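Please put together the full structure from these sequences, using the hints given.
Chains as they are written, first to last, in the working numbering: chain A, 1 to 246; chain B, 1001 to 1313.
Hints are computed from structural coordinates only; laboratory data are not their basis.
Everything numeric in this text was worked out from a predicted model, so none of it was measured.
Beta carbons: idealized from backbone N, C-alpha and C, even for Gly.
Treat the hints loosely; a few may be bogus.
[Said to hold, decoys possible] Quick list of in silico lysine-lysine cross-link-like pairs, DSS-like style, CA-CA up to 25 Å:
no., chain 1, residue 1, chain 2, residue 2
1, B, Lys1179, A, Lys244
2, B, Lys1135, A, Lys25
3, B, Lys1284, B, Lys1201
4, B, Lys1307, A, Lys225
5, B, Lys1307, A, Lys244
6, A, Lys16, A, Lys74
7, A, Lys144, B, Lys1010
8, B, Lys1284, A, Lys244
9, A, Lys221, B, Lys1284
10, A, Lys244, B, Lys1306
11, B, Lys1179, A, Lys144
12, B, Lys1053, B, Lys1015
13, B, Lys1284, A, Lys2
14, B, Lys1026, B, Lys1015
15, A, Lys105, A, Lys196
[As the list claims (entries may be wrong)] Some chain A residues flagged as far from chain B (calculated, every beta-carbon gap over 10 Å):
no., residue
16, Lys2
17, Thr14
18, Glu28
19, Asn29
20, Phe33
21, Gly55
22, Ala70
23, Arg85
24, Gln136
25, Leu141
26, Arg156
27, Arg183
28, Ile184
29, Ala193
30, Val200
[Claimed, not checked] Incomplete in silico selection of chain B near chain A, CB under 8 Å:
no., residue
31, Leu1090
32, Ser1100
33, Ala1130
34, Phe1131
35, Phe1283
36, Asp1287
Spelled out from the first residue to the last, the chains are:
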Amino acid sequence: MKILVCISKSPDTTSKISFTDNSTKFDENGVQFIVNPYDEWYALVRALEIKESNGGNVTIISVGSAGDEAVIRKALAIGADDAVRIDADPTDAYFTAMQIAEYAKSNGFDLVLTGKETINYNGSQVGGMIAEALDQPFVSLATKLDVNGSTLTLEREINGGLEVVEVNTPAVVSCAKGMAEQRIPNMRGIMAARTKPLNVVAAVAVDQMTTYVNYTMPNAKSACKMIDPSNMDQLVEFLHNEAKVI
Amino acid sequence: MSVLVYINSKNGLHKSAFETVTYGKKLGDVTVITTGSLSADQLATLGNYGASKVLVDRSVEGDDDQQLTRVIANAADRCSANTLIFSHDLVAKAVAPRLSVRLKAGLISGAIGIPSSDGTVPVNVFSGKAFGHVKVNSARTIISLLPNSIQPEENGSACSVEDFSGNAGSAGVKVLSTKKPEGEIPLPEAELVVSAGRGLKGPENWGMVEDLAAALGAATACSRPVADIGWRPHHEHVGQTGVAIRPNLYIAAGISGAIQHLAGVNGSKVIVVINTDPEAPFFKAADYGVIGDAFEVLPRLTEAVKKFRASNH
Ligand SMILES: Cc1cc2nc3c(=O)[nH]c(=O)nc-3n(C[C@H](O)[C@H](O)[C@H](O)COP(=O)(O)OP(=O)(O)OC[C@H]3O[C@@H](n4cnc5c(N)ncnc54)[C@H](O)[C@@H]3O)c2cc1C
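Structure representation (structure tokens):
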């Protein structure tokens, strides 16, 4: 089975978020970048497990500039046979998805995996867009994935419950918590990642469909009102009369 | 402007449906597209929130992403919609991106408000640590609205309901079985949430959390380590790498308030923190704080809520 795993870089979860250029750009100053956790912990690790039990090939793909290769190498250290970097700034989900779909079309994969969303833009867009461009079924937010020949059996979250579904490959799946356990790369993996093939592919011309015009920060909270732990009637009273939430 | 609102009516009509119709009504003339077997009388009630018409394709029973994409695209053409609205739930996360490609329409997902005068729509970014203001560069727009972002408004009367054939085609995803926990309130849509963390010491102590949730009519949630160790199911894990929620009330007991946890819950309107440690970072993000032992405070709060509910509400 040939698997393509889409990864995105995202700021470390402890990063302080701020913006520059009149609040139009994310301030990368002093920010550590990591592989987006959903892509790494669930999509990539499950792809590797499938390869380990069924054989096949795992390719990592990311749309980004040369500076992003450090993050791609981090993903290669966990496993994967090779990586592809589409040489372009990932300006929006549509642009990014069309680049990946183009590569997938000309290289033929049985399975394309993404994380359920990135932790910076939280769009949950790229997987569904790739699936539509490839005219393949899409299983979103899968929490379990088993392969049996050309049939995939998956569990996925649905509104207020869980569903067990089956699709035939080729297909696109977005991966959520439950699918696999995070793997910590070992020294051998890190050494091997340095020499694994990382192919750079030119981007195709695609229009950007959305623009982030600017950013704002949430209003600071006013001081917290402290309530005596023995007086929960007072808390209920505040929630009812002051906050008006119950 | 013609607005098409997709509503998932498989399990009846919920608040998220009323929110999206209300939202659409603020932008233009609303047609609703839905599938399944809900009666015309029930669907007609969407008119109360501002829909002028409901189209229903009875041939589609499930949530297959390719079938829904075809039906919604055909409905959009039928009513010449230039804006499509979804509730940002699990079905929308599969279907809206497909439609974006099919209709060449820019997709704004995770919207938390209506477009402002400059045409940008506010969305959550960095898992709720900041807001982005997004515009589309295409003729058509798709907006996927986070639940609990706007209040439903009743301002109309029942509307017409029409059977519609959206040429759904065949399903690519075959559903083998469905598990639905009975009586549970889905977390992303919940208005009230009671959440607990490692401070509760073990899964056997969650009765206190469930009792308070039951007294309030709230959903339950937890911090990541609690789900990771298996004390609670994964779908209750809130935060940057779990579910992002924006309820009216979030009560957190025995949760320290790490930055990754706050990211998923700081959209809550009111936050109550119960913690033994006065230095717990969560107090900085709270509206009401109780320094105390959750094992004593939670049952006491449950009693106070029951008393309050019994007396007047
Ligand atoms: C990449 C990454 C992603 C992450 N994503 C998430 C995420 O999405 N969501 C998330 O929650 N975390 C996430 N985390 C973990 C996060 O950093 C914290 O470790 C976690 O939130 C702590 O959980 P906790 O507050 O339950 O436990 P602790 O930090 O152990 O805090 C327990 C708290 O309970 C209090 N306490 C103890 N006993 C009592 C008592 N009897 N009564 C009242 N209070 C008591 C203590 O004072 C303490 O404040 C992530 C971490 C990383 C590295």
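Right, here's what the structure says about each hint:
1. B:Lys1179 / A:Lys244: 35 Å, violated
2. B:Lys1135 / A:Lys25: Since the Cα atoms of Lys1135 of chain B and Lys25 of chain A sit roughly 15 Å apart, the hinted pair holds (cutoff 25 Å).
3. B:Lys1284 / B:Lys1201: Satisfied, since the Cα-Cα distance of roughly 23 Å is no more than 25 Å.
4. B:Lys1307 / A:Lys225: This hinted pair holds, its Cα atoms lying about 22 Å apart.
5. B:Lys1307 / A:Lys244: The given pair, whose Cα atoms are some 17 Å apart, holds under the 25 Å limit.
6. A:Lys16 / A:Lys74: 22 Å, holds
7. A:Lys144 / B:Lys1010: Holds. Lys144 of chain A to Lys1010 of chain B sits at ~24 Å (cutoff 25 Å).
8. B:Lys1284 / A:Lys244: 21 Å, holds
9. A:Lys221 / B:Lys1284: 8 Å, holds
10. A:Lys244 / B:Lys1306: 17 Å, holds
11. B:Lys1179 / A:Lys144: The given pair, whose Cα atoms are some 14 Å apart, holds under the 25 Å limit.
12. B:Lys1053 / B:Lys1015: 19 Å, holds
13. B:Lys1284 / A:Lys2: Judged against 25 Å, a Cα distance of about 48 Å means the pair is violated.
14. B:Lys1026 / B:Lys1015: 17 Å, holds
15. A:Lys105 / A:Lys196: It holds: about 23 Å lies between the C-alpha atoms, which stays within 25 Å.
16. Lys2: With a cut-off of 10 Å, Lys2 of chain A remains clear of chain B, as the shortest Cβ separation is near 19 Å.
17. Thr14: With a cut-off of 10 Å, Thr14 of chain A comes too close to chain B, as the shortest Cβ separation is near 6 Å.
18. Glu28: 13 Å, holds
19. Asn29: 15 Å, holds
20. Phe33: Answer for Phe33 of chain A: holds, closest chain B Cβ roughly 13 Å.
21. Gly55: With a cut-off of 10 Å, Gly55 of chain A remains clear of chain B, as the shortest Cβ separation is near 25 Å.
22. Ala70: 21 Å, holds
23. Arg85: Correct as stated: the minimum Cβ-Cβ distance to chain B is 23 Å, above 10 Å.
24. Gln136: Gln136 of chain A is in fact no farther than 10 Å from some Cβ atom of chain B, at 7 Å.
25. Leu141: Its Cβ does come within 10 Å of chain B, the nearest being 6 Å, so this is violated.
26. Arg156: The assertion about Arg156 of chain A is violated, with a minimum of 8 Å to chain B.
27. Arg183: 15 Å, holds
28. Ile184: 15 Å, holds
29. Ala193: Holds, since 23 Å exceeds 10 Å.
30. Val200: The assertion about Val200 of chain A holds, with a minimum of 25 Å to chain B.
31. Leu1090: 6 Å, holds
32. Ser1100: 6 Å, holds
33. Ala1130: 5 Å, holds
34. Phe1131: 5 Å, holds
35. Phe1283: With a closest approach of 5 Å, the Phe1283 of chain B hint holds.
36. Asp1287: With a minimum Cβ separation of about 6 Å from chain A (threshold 8 Å), the hint on Asp1287 of chain B holds.
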